[in-house]
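A.B. asks: Turn these sequences into a full structure, and let the hints guide you.
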Amino acid sequence: MITSENWRKSSYSGGGDGDDCVEIANSPTHIAVRDSKAPASATLTFPTGAFAPFLDALKSAHSTVTDFARFRG
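Each residue of the sequence shown is one higher than the one before, starting from 1 at the first, in the numbering used here.
Don't read these hints as lab results, they were simulated from the structure. Treat the hints with caution; some may be incorrect.
Said to hold, decoys possible - The list that follows gives simulated cross-link-like pairs (lysine-lysine, BS3-like), each with its CA atoms no further than 30 Å apart: (1) K59 / K9; (2) K9 / K37; (3) K37 / K59.
Stated by the list, open to error - Restraint ranges, calculated between C-beta atoms of paired labels, are given here: (4) V22 / S60: 14 to 20 Å; (5) T3 / S60: 20 to 26 Å; (6) S10 / A40: 25 to 31 Å; (7) A50 / S10: 16 to 22 Å; (8) A42 / R8: 14 to 20 Å; (9) V22 / G49: 28 to 34 Å; (10) S60 / H30: 22 to 28 Å; (11) T3 / K59: 24 to 30 Å; (12) S60 / E5: 28 to 34 Å; (13) E5 / T48: 31 to 37 Å; (14) L58 / K37: 17 to 23 Å; (15) P28 / P53: 15 to 21 Å.
Positions of the beta carbon are idealized from the N, C-alpha and C atoms, including for glycine.
C.D. replies: The structure is reproduced here in C-alpha cells:
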C-alpha cells in the first residue's frame, strides 16, 4: 500500500521549492509517480517489474532534456 509517508521528490528537482518535478512512492508490489505541483491529482502506478523498463524506454526515446520537455507537452 502506498501512503503519504512513502512519497519522495526526485533528486533532479529544480531550485526554489523543488516542485518542478515528479514524486515517487514505492511499495513491495508497485511504484507510483505523481506531479509534485499537483499531488492530489492522478498518479501513474506500475508493477515493480515494469517501472525500470518504462524509464529505459523514456531515456532511449528522449535522450535530451529538450526532447523530454517536448514529450511532456
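A.B. asks: If you check each hint against the structure, which ones fail?
C.D. replies: Numbers 5, 6, 9 and 13 - these are the hints that the structure violates, sorted from lowest upward.
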